[in-house]
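*Asks:* Protein chains in written order, with our numbering: chain A, 1 to 285; chain B, 286 to 570; chain C, 571 to 1142; chain D, 1143 to 1714.
Hints were generated in silico from the structure; no laboratory data involved.
There may be inaccurate statements among the hints.
As the list claims (entries may be wrong) - Derived DSS-like pairs (lysine-lysine); straight-line CA-CA distance at most 25 Å:
#1 A:K204 x D:K1596
#2 B:K543 x A:K204
#3 C:K719 x B:K425
#4 A:K258 x B:K489
#5 B:K513 x B:K472
#6 D:K1263 x A:K126
#7 B:K472 x D:K1304
#8 A:K140 x D:K1537
#9 B:K411 x C:K804
#10 C:K732 x B:K425
#11 A:K187 x A:K228
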Amino acid sequence: MNEHDFESGDEIAWCPGCGDFGILSALKDALVQLGRTPRNVLLVSGIGQAAKLPHYMNCNCFNGLHGRALPVATGAKIANKDLTVIVTTGDGDCYGEGGNHFIHAIRRNCDITVVVHDNQIYGLTKGQASPTTEPGYVTKVQLSGTVLEPLHPLETAIALGCGFVARGFSGDMHHLAGLMAAGVRHKGFALIDVLQPCVSFNHKNTFAWYRERVYRIEEDTEYDPADKTYAYRMAAEWSDKIPVGIIYRAARPTYEEKTGIDGMPPLNQHEIDTIDIETIVTEYA
Amino acid sequence: MNEHDFESGDEIAWCPGCGDFGILSALKDALVQLGRTPRNVLLVSGIGQAAKLPHYMNCNCFNGLHGRALPVATGAKIANKDLTVIVTTGDGDCYGEGGNHFIHAIRRNCDITVVVHDNQIYGLTKGQASPTTEPGYVTKVQLSGTVLEPLHPLETAIALGCGFVARGFSGDMHHLAGLMAAGVRHKGFALIDVLQPCVSFNHKNTFAWYRERVYRIEEDTEYDPADKTYAYRMAAEWSDKIPVGIIYRAARPTYEEKTGIDGMPPLNQHEIDTIDIETIVTEYA
Amino acid sequence: MEITVRIAGEAGQGIQSIGRIICRAIKRHGWNLFADQDYMSRIRGGNNSFRIRISDTPCLAPREKTDILIALNRESVAIHEGTVRKKGLIVADEATDDVTATTLRYFNVPIGALAKASGGKSLYENSVVCGVITGLLHLDPDAVVNVLKDMFGKKGEETGDKNITAFREGNRYTRDNYFSDAFHLGRRQYGDGIVINGNEAVALGAVHAGCKFYSAYPMSPSTGIMASIARFAKRFGIVVEQAEDEIAAINMVIGASYAGVRAMTGTSGGGFALMGEGVSLAAMTETPLVVVDVQRPAPATGFPTRTEQADLDLLIHAGHGEFARVIYAPGTAEEAFSLTVKAFDIAEKYQIPVFIMSDQHLADSYRNVTLPDVGALSRQRHVIPTNGQSVHPYKRYALTGSGISPRAVPSWIDDVIYADSDEHTEEGHITEDARIRTLMVQKRFTMRMNLLSKEMTPPSASSLSRTEIVLVGFGSTCGVMQEACGSVSGMNVGYIHLPQVWPFPAEEVRTLLEDAPEAKIVSFENNAAGQLARLLRRETGIACCDSILKYDGRPFTVDEVVATVKERYSSL
Amino acid sequence: MEITVRIAGEAGQGIQSIGRIICRAIKRHGWNLFADQDYMSRIRGGNNSFRIRISDTPCLAPREKTDILIALNRESVAIHEGTVRKKGLIVADEATDDVTATTLRYFNVPIGALAKASGGKSLYENSVVCGVITGLLHLDPDAVVNVLKDMFGKKGEETGDKNITAFREGNRYTRDNYFSDAFHLGRRQYGDGIVINGNEAVALGAVHAGCKFYSAYPMSPSTGIMASIARFAKRFGIVVEQAEDEIAAINMVIGASYAGVRAMTGTSGGGFALMGEGVSLAAMTETPLVVVDVQRPAPATGFPTRTEQADLDLLIHAGHGEFARVIYAPGTAEEAFSLTVKAFDIAEKYQIPVFIMSDQHLADSYRNVTLPDVGALSRQRHVIPTNGQSVHPYKRYALTGSGISPRAVPSWIDDVIYADSDEHTEEGHITEDARIRTLMVQKRFTMRMNLLSKEMTPPSASSLSRTEIVLVGFGSTCGVMQEACGSVSGMNVGYIHLPQVWPFPAEEVRTLLEDAPEAKIVSFENNAAGQLARLLRRETGIACCDSILKYDGRPFTVDEVVATVKERYSSL
Ligand SMILES: Cc1ncc(C[n+]2csc(CCOP(=O)(O)OP(=O)(O)O)c2C)c(N)n1
Ligand SMILES: Cc1ncc(C[n+]2csc(CCOP(=O)(O)OP(=O)(O)O)c2C)c(N)n1
Ligand code: SF4
Ligand code: SF4
Ligand SMILES: [Mg+2]
Ligand SMILES: [Mg+2]
């Protein structure tokens, strides 16, 4: 398998120069690194520019409703634990409309990897504030500037007990591919929030803006992703320095392990014909 | 005003011995302490045992849908900034069905106080696991024990930038009343998660169980609610010691301040008759 | 021979377990029974009751009057006294009731005292009450003890033993102190079959149909389905997942279904109202979906533990956009079972959402039933290559001309499978093409509606020739309608029961009504708008001349319906 | 005199701003116009177009054929060439088009080069194109410059100046190189009124009605309403809050309305599907609620930027439980404005949910309109004590016999106000009482439906006497139906347009049709199921003999309808 094997050939509808392209490349790269085959990979997305990504890949794809990628991914993973399930979603999709699923999917800890194209804006609907838009940013709806505190996805994920919390940058594809591969290898829910410039609607957080700030956290001399206090601090770092890399990592039993799914053949291989309810019916006699 | 002035006389439908009674008493006490009058207080709730509370109070009450208390409270506060708006909600109501509103209401930072009756169970629907149920706890639906990681409301609230994060215990009404009064006085979103024994369905986290563990955080020699790292640590403390009190406190501009609502008469007092769209219509000529 | 026993008391007094024990005992004694529950949305206090109608002929619905009222607290006497027949009996504890046993009408039993004597705990009061009822009905105490053992068996020996002692105490006291034979049932023969309610029937149907994933958010009165499936989850390798909300539940089910398992969710009206977008997603992605809606009175929170049939319109029209769906409205536990099995089959065969519309009355009411022959119910998988088909290159939304695109499961074939919520090409990629759009709408809607007209679950009806009045109903009113029609003296009243309401069985209903060209058509519904009457007119042009409607949260009783029909139509 | 100009190109090329400038210029020149937009769900690339029909008689709908195609890229020529009339013109840039200007049919303009010359940026291409169109139509360049100034005024002097230079370059080039007078419009008189689309009309209506709080989640094609209200928020003290999801939006609006302000939310089908439970809450708590649904093709994500009328059934039946509601289906921007004002009035007067059903075609289409006299539209508040009433002790849900309980606002009266989503007593406390339940259902549903029959917005219709065919439609098809009916030669075709679809104007429609007892009734709908036809039959018993349906995401054109009517019915 090489990167071409993961290409669908569908026409790409993103704007030229969009940060989404880097994420697409990185994902193909990661799947090659991981040695996965298309038929055993499932990409689940909601709606948004980010959510179009699965169409551009040659993998199984469920492009569902805005905000609802995570429950679909959860159901699919439960039905077939052998699938490699990856969610590609936007900051609006995952943290806005889908916020409740985000917090509970972390608690559930199914073995899925979530890649958030975090462009800090609603791209597909033409540029309204998203949950991660910076305060003061002016849009056609937020005419006096965005007033809400940005959602802090990484700190929130740590608070909720997520076992793999990372930030990537779509301008550093190679590094990002590594994060994705590590996320997929991690047993359990893995969150990768990707800094993704939107060249059409986010005029603040541009490639140049990020390039000035982004650094690889592994290079920090104190780097210790097992230390929660350190992780909280680095997750909050958003100033003239923005770290990318695995910010927090901890081993946690997965949903599949705890419910016993892992010990059975995938649910979708159980034979229906052999089910006989006679014994349970008699319990109602 | 005394506590009787805040009683509605409606028959109370809770189980004898329920921890909800303590919360009800504390709330009346707090409102007396705060010198509020019933007509200027609005209690908003969703559905659940906790959510029945407003019926037992003589205050304005909006008893809405399961999970949807926070947006209703937000809308009401925006419409009339002079109301004292308090939400009484359950762990299922607020963190389960209402989880998305929980995270975004914190970001919005309207000046409302949220009292979560956290009995770690779904009471009204007869005892299924709630988002805060302890792992392993067996119910009629979770027959092999609850498998999800409990939601950590306090850590999550801190991560999201909540400016007032507290835990109370319904068995310590006086202390709880103080927290509620402080929450109402706090400018902005105030979260008070209240340990509330459910005598019918939670056989683990009982009054006795809590009494053995709960201590007042103010008594901690290192107590510093302005220190986020300290706050994260104390918010996570859930063992043979469980702190109650104000765990994190920080001043943050409110939604009302940022949007300018605070500088106007309440929206519900604007005169409709005087609105003249002539000037704006001409902009389309 | 017919007797109605009503056990009433506060929430938390264990009325339901008494009721369930007696129901199973009754069945084992060869009697028919119908038991419905009236309970409040609270955990302690208030007033609940469990009403068991017992008869030598089949029972399909409740009756108005009580023969024996077991009042577990004083309030219950006041509330239910009015329903007790003149020759009926009220049983109460001396301790809670201030009426002493001076009349034949009252039988005072020291329930609390007997329970304490048996085990030192008031916990055993329920078993005492079971003993009392056993005594009054002259049931075989040993047979009832077997029921107790079956039900308490798992709770450990000691509890079981003490319950049995308490039971025997109650029984002994009754035989010693109550001498009338008025309620003598005794044993007819050993009654086969089982005692289940509507929720359990749906759960059994789902298990049989091979449901491997059930995800739901708790909501009365549907939670019993989740609890019942959970009981059998380990044994059958089923995953039951409590979702964070209803939207998650339906989307998880869709994800699981896409990945190849049969999956289902259940809720009540308010939860269903949240699922509309998900329903639309299933339709657009052509993912099989089964949803149970156990109706309760609305709007909003309404009456969480009571009954209504007002979601008919909601279910037919839920979700944005136009697509085929099927809605079953089982009238009995048997139908609930077999239509649940069919729901999975049809959902998968046509790749559409299928709804089972139940309600609190059906969900919580017990009857003695014999499940249909399961061999006759298809459990065939409609997926490639399992069904022998195989296609390469695979197109998920192939326009085949039949209205159905072969459905494959991810990882079961070499090709990848694109499912898409946007309008899409045959391959499943986003398109904005007008021509493809038109064809896809026809596939999802028009063509499948046509196909479904051949899969209709037909209405059941009484013989309609020479009827003056025909009642038309759906769902849980089936039994009461049927019994009432047979009981209106001096008039010829028939009924049509619709176990499938969508696609509407227009042809079938028209044909049935041809037998009764002169009859007045009356819709019979547990709602205020007469939704079925409107639907009937829309789909067939047939206008009802009247509707018998009830929307106070309570089910119809046979007597009530008979009286209404006589009052309204006897002068016709 | 009639001309259709189509501007086509990629997303991101600024087609919409060219279109809006030309529309306003056309209006100021005293011409009528109707402009609709065809755009894809993407930000760059693909193919979008803006079609402006210009006429000396009122324009209510698009026409099929193009007179002038302005192709901003090569693909646009290929896509739209077929729609250009024989005598029509294609304008393209030499740089993007490989067809040289050898025929009369092509006019090649160095758009890019002229833009660069004007300001060094391709950004000014749009202004060049405006200049070209101004030249072709012989508009007054100075008048168009005024439009440019009005629109770019805020962007700063320099941009404004450069745009004007570019505009003049485009105009000059055209006058110098294109000599035909074929498209000569010139000025008739100064045109009064304004140019707005349906979304702007709704926004203006809301502002006028005193809406103080608008909360919504972005969703095409409804977002324009939020953006338009946001533009005026500061000036009128309105709060516009982007919610985290649609469920939050509707619940915030309900909270604000309970607390005494007029409030509104807007969305499209999928978002509306999520709001059903909230609608039910508004009904149960009797809180006034106004929701706009700007329809788009479904199911699920469907076509986010295209048009359809398939939410009719959804809106009538959304939410669990039975309660009164009102649904308006404006056919024009004028109706959108005045029905929005009325929506607030009716919602508050009857304390019910009121929906405004728009669609992408209405929402995004511009016309020259004169808003109705606002003095005639009620803005009266229906709350105590503002309305002079006062009640003590106050009961929020008092059973007054009228079907309406006086509504008070928290803190405006001494008493407290309980609003409750459970079934409740008159005081607003939870009850399980059967009698109160029945009365409350009657209040929320039956009694109010009766009251609403006196508030009907009547259908509009052509004169129906002697018509052979009557088209019946609702919403955005109003204009095309009306124009088409007047244009079918040799047949007498009439129409009925329903600006209110619920409560259904059954009496009104029946009365209208009495004038045409022989006519064939044909429903005319942008959907696949013929939802209006079904509704008509259900509510009146009148069966349509046919339906003209379109569900490819595109609006009807006048020519298409005329052709269909002739083809299907001329042999009748
Ligand atoms: C229920 C629902 N609400 C709203 C929308 C409209 N919508 C589509 S994409 C989107 C936001 C996209 O933002 P994000 O998730 O950040 O993705 P991006 O386009 O920025 O990559 C919205 C609001 C929808 N499709 N469905
Ligand atoms: C949309 C919806 N889903 C589900 C329910 C059923 N329901 C009512 S209360 C409740 C849970 C209550 O738990 P919690 O909020 O913890 O309150 P408690 O009763 O424990 O105080 C549920 C699931 C509902 N009313 N509405
Ligand atoms: S709008 Fe932004 S996020 Fe979307 S494709 Fe264009 S640049 Fe990328
Ligand atoms: S069920 Fe639990 S939470 Fe509810 S009233 Fe009873 S004790 Fe309290
Ligand atoms: Mg985004
Ligand atoms: Mg709880």
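*Asks:* With reference to the structure, classify each hint as holding or not holding.
*Replies:* Results for each hint:
Taken as a hint, the A:K204 and D:K1596 pair is broken in the structure, with Cα atoms around 55 Å apart against an allowance of 25 Å. For the given pair, B:K543 sits about 21 Å from A:K204 by alpha-carbon distance, which is consistent with the 25 Å threshold. With a CA separation close to 20 Å, the supplied pair C:K719 and B:K425 stays within the 25 Å bound. Taking the CA atoms of A:K258 and B:K489, the gap is about 21 Å. The hint holds against a cut of 25 Å.
This hinted pair checks out: B:K513 and B:K472 have alpha carbons roughly 19 Å apart, not beyond 25 Å. Between D:K1263 and A:K126 the CA atoms are separated by roughly 23 Å; this keeps the pair inside 25 Å, and the hint holds. Distance hint between B:K472 and D:K1304 is unfulfilled; the C-alpha atoms sit about 49 Å from each other, more than 25 Å. With a C-alpha separation of about 43 Å, the suggested pair A:K140 and D:K1537 falls outside the 25 Å cut-off, and the hint is violated.
Of the pairs offered as hints, the one joining B:K411 and C:K804 holds, with about 22 Å between alpha carbons and a cut-off of 25 Å not exceeded. The straight-line distance between the Cα atoms of C:K732 and B:K425 is roughly 24 Å, inside the 25 Å bound, and the hint therefore holds. Annotation: proposed proximity of A:K187 to A:K228 holds, straight-line Cα distance about 19 Å (limit 25 Å).
Hint compliance for this structure: hints 1, 7, 8 are not met, and every other hint is.
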